[in-house]
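Sequences listed follow chains A and B, in order.
Each residue of the first sequence is one higher than the last, beginning at 1 in this note's numbering.
Each residue of the second sequence is one higher than the last, beginning at 1 in this note's numbering.
Because the hints were derived from the structure by calculation, they are not lab data.
Warning: the hint list may mix true and false statements.
Label pairs and their in silico Cβ distance ranges [said to hold, decoys possible]:
1. Leu661/A x Pro71/B: 37 to 47 Å
2. Val137/B x Pro593/A: 57 to 67 Å
3. Leu182/B x Phe496/A: 53 to 63 Å
4. Glu479/A x Pro71/B: 42 to 52 Å
5. Gln318/A x Pro71/B: 32 to 42 Å
6. Pro593/A x Pro71/B: 45 to 55 Å
7. Gly46/A x Pro71/B: 47 to 57 Å
8. Glu122/A x Leu144/B: 52 to 62 Å
So, partial list: chain B residues that the calculated Cβ filter (under 8 Å) puts toward chain A [unchecked claim]:
9. Gly85
10. Arg88
11. Glu89
12. Gly92
Heads up, incomplete: computed chain B residues facing chain A, CB under 10 Å, no partners named [said to hold, decoys possible]:
13. Tyr70
14. Pro71
15. Asp86
16. His95
17. Pro169
Note that the structure is a prediction, hence the values are computed from the model and not measured.
Think of the CB as a built atom: it goes at the ideal place given N, C-alpha and C, for glycine as much as any other residue.
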Amino acid sequence: MKKSVLYGVIAVLAILVVALGAMLVSRGGGGGGEAATPVPQEAGVGQDAAAIIAERGLTPENVVAALKTFMPSGQHDPFIMFSSGGHSGQVHVIGVPSMRLLRTIGVFTPEPWQGYGYGDVEQEAMFKEADPFGENVRWGDTHHPALSETNAVYDGQWLFVNDKAQARVAVIDLRDFETKQLVKNPTAMNDHGGTFVTPNTEWVIEGGQYAAPPGAEYAPIDTYEEEWRGMVTFWKFDREKGRIIPEESFALELPPYWQDLCDAGKLVSEGWVFCNSFNTEMAVGGAGVEEDAVPFESGASQADMDYLHVIDLNKAIQVAQENELRLNGFNYVPLQKLIDERVLYFIPEPKSPHGVDIAPKGDFIVISGKLDPHVTIYSFEKIQQAIANEDWEVDPYGVPVLNFDSVVEAQVELGLGPLHTQFDNQGYAYTSLFLDSAVARWTLGGDYPRADEGWQLVEKESIHYNVGHIAAAEGDTAEPAGQFLVSLNKWSVDRFANVGPLLPQNFQLIDISGQGESMQLLYDMPIGWGEPHYAQIIRADRLNPIQVYPEIGWNPRTWSKDPNATEIGQERVERRGNTVEIWMTAVRSHFTPERIEIKKGDRVIWHITNVEQAVDATHGFALPGYNINLSIEPGETVTVEFEAVKDGVFSYYCTEFCSALHLEMTGYLLVQP
Amino acid sequence: MTTEVQTKTPGQEGQTAVAHREAAEMGHIARVSRQPSFRVSTLLFVLAAALLVTSTFFPYWKMRLNAPQYPQGLYIVVYVDRMEGDIREIDGLNHYIGMKPLEEAAQLERTLAPIAIAVMALFIVGVAFIHSKWFAVLAIPVMLFPVIFLLDMFVWLYYYGHSLDPRAPLSSSIQPFTPPVLGTGTVGQFSTTATLQVGWYMALAAAILTAIGLHYRRAARLAAERQAQGTDNG
Chain A
1 MKKSVLYGVI AVLAILVVAL GAMLVSRGGG GGGEAATPVP QEAGVGQDAA
51 AIIAERGLTP ENVVAALKTF MPSGQHDPFI MFSSGGHSGQ VHVIGVPSMR
101 LLRTIGVFTP EPWQGYGYGD VEQEAMFKEA DPFGENVRWG DTHHPALSET
151 NAVYDGQWLF VNDKAQARVA VIDLRDFETK QLVKNPTAMN DHGGTFVTPN
201 TEWVIEGGQY AAPPGAEYAP IDTYEEEWRG MVTFWKFDRE KGRIIPEESF
251 ALELPPYWQD LCDAGKLVSE GWVFCNSFNT EMAVGGAGVE EDAVPFESGA
301 SQADMDYLHV IDLNKAIQVA QENELRLNGF NYVPLQKLID ERVLYFIPEP
351 KSPHGVDIAP KGDFIVISGK LDPHVTIYSF EKIQQAIANE DWEVDPYGVP
401 VLNFDSVVEA QVELGLGPLH TQFDNQGYAY TSLFLDSAVA RWTLGGDYPR
451 ADEGWQLVEK ESIHYNVGHI AAAEGDTAEP AGQFLVSLNK WSVDRFANVG
501 PLLPQNFQLI DISGQGESMQ LLYDMPIGWG EPHYAQIIRA DRLNPIQVYP
551 EIGWNPRTWS KDPNATEIGQ ERVERRGNTV EIWMTAVRSH FTPERIEIKK
601 GDRVIWHITN VEQAVDATHG FALPGYNINL SIEPGETVTV EFEAVKDGVF
651 SYYCTEFCSA LHLEMTGYLL VQP
Chain B
1 MTTEVQTKTP GQEGQTAVAH REAAEMGHIA RVSRQPSFRV STLLFVLAAA
51 LLVTSTFFPY WKMRLNAPQY PQGLYIVVYV DRMEGDIREI DGLNHYIGMK
101 PLEEAAQLER TLAPIAIAVM ALFIVGVAFI HSKWFAVLAI PVMLFPVIFL
151 LDMFVWLYYY GHSLDPRAPL SSSIQPFTPP VLGTGTVGQF STTATLQVGW
201 YMALAAAILT AIGLHYRRAA RLAAERQAQG TDNG
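Just chain A, with the same shape it has in the complex (with noise of 0.2 Å):
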């Protein structure tokens, strides 16, 4: 009897654990995933590899370029670019170092394959608050993209990026990488310091271009001193709400310099924004038109120094609160208030600048000369020791002017036309040089790891051609992750196989992870859609995008279930005197209700939901006739709204190949006479 009673407590243990390997079994089976063999380390390269670098007579540097950017089937790019399109009006999202093209965000134009702006009330409404003169205004010339930050560093949750040429910022969300929101500045007609950001997102600055009379009303051109204007603005951004709020936004009135790049304090200078400037001169043209009249590009060319714009944010937004001007119902704050309250100071800066970047540990300010072979590095500790000794002479409007002397930390000799500095993580600037198509590598002072080295410039590496912005990863914020850079280059000439005259523009991918005269070009990436001029390179694990919408039936601007989703079986066609009504949903592969039977001059509204929630089972819907055009992804519902002025059969259908049976993906719209 004892003996079986042991047998009995063995036979449960036994029962026990192959009930629990079975679990683990099946738990580990559930999970599909194949581990990677990696390939044995062998000395040098196999034949065939051999065989074809000898064929295409590669040299080693080739072979470790294609190395460094060869990212195998299915993984995926450590770092993530958001680069503006230019006058496409666009954003483009590229891996790095790949330098693949992931996809294109329509901000300010229209873009079919998203179906942005071809009939989707919500984008409507977008473009028409963004566009007050009434114009229908489909395009937009996208400059500088701007992530949103958490104490200085990319967190991943919001583009921002303005439009120059109507002077307009838009809201993107990195949710759904897709525009949420346009405005307008209404002091303004155009604008190009935008955006940027302050380092936990309340502001996003940006600033003027050509000045202007203010809100870009008539003045006499010999007037341009005394009424013509330039402006920054600062627009509050509601983190929660997504959205910019117009009414907590405020400009400054600047004297009519041209403003250009900003870039907001970080860290110790957290608080403080800096603006640069040029044509100080205040030329105002004229070239053809009168005798004697110089260009602008010799005009604004003049003087040796221009001004960068220095100013107290903290201030700014106490004065913007006690103001009353409005400016086109814009709260906008009188130069004189300015000078009055100590919010803006000017510094000399060396000459027609164009970038002002802000060092990483926010205590220098890198001015680059567009027309001085230097770099000019200013201190914040003796800004802010000369405003206190209020160590300044005055401009010709009573803006105190710093003793550059008093404020500059170093000045380094890079080479022609510097335009734009970015940092990494070993102590490094670089700054683009256009006229010498080269980017330069140079040591930081101060508290820096190279400091040692002593501000210097360290190695040039050519480029093709003309590079203006250039972006490291994660290099313009508290912390540069190194390792890439690309450089944004204008021109390629003779880098691609021959297209038209029109030629692309060339991204040229820069290895940074050497120290020294180390930097090698790895890779050349055509840009055929427009002239994209920043970038902004992201850490990829700190973007975290949805795959399908959380709830069928979303509405992606609210980012809640709209009012209108429909499941299956819930479709109907509802009239209401001359109003039709749809609720339709689509799923693989049918749009329900498959017909829809209306009269000449009946108001329609149609909403679609697509029911799927399957990752990438986007429909598509078209609707020709009528100028509709729509990308419905996963989980979302659309509403498109319009007048059936014709009459006749018109066939809508799936624009996106979603199955086998996508072909029969159509219905019938008939509009009787």
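With the hints as your guide, set chain B onto chain A.
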């Protein structure tokens, strides 16, 4: 312990009487040694009941569907009372071959399962504590349950594979079929792999424990009966 061995040995009446006398002398040993024989079976039945009830929280069966365009695969995970996984997506695909929506399958079984399992668990607890001979038949449902589950799965899979809507887009290119209850199969570009899951193994363990429990219960019951006879005779 010698007393028990001897009481179990029939046909040696003289010795039995001696044994009972010895037992009377060592009365406390006899009392202690009679009880543990039911303790083992009781423990096994209670454990089985606990396992069975716990199993309802775990999946019983899972089918993974693999196709090139679903690198992560699609899953149907079946519990006794519900289904989880990519049901919506699988239904969406199944409509092409005219298969009924999965949610319509085994609705009665899924509704009744929690009650049935509670009743089966109560039955074996009853079997554990009420030691009459015929009461043991109440343990039969628990022992059959894992097999019944699989049979029911088979019936539903057969029914679903053989009641395809003839008006479906791919009805003409797909023959009636039964997706395998266990192991691998193929439908269109999908390969399916069906496996038993931890819940089912727990139910199986409950069945085996119940069977072992019945063995001990019988032994203890016989021992008790003999002892009772012996006491009456003495």
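Report the numbers of all earlier hints that the structure fails to satisfy, in ascending order. 1, 4, 5, 6, 7 and 9
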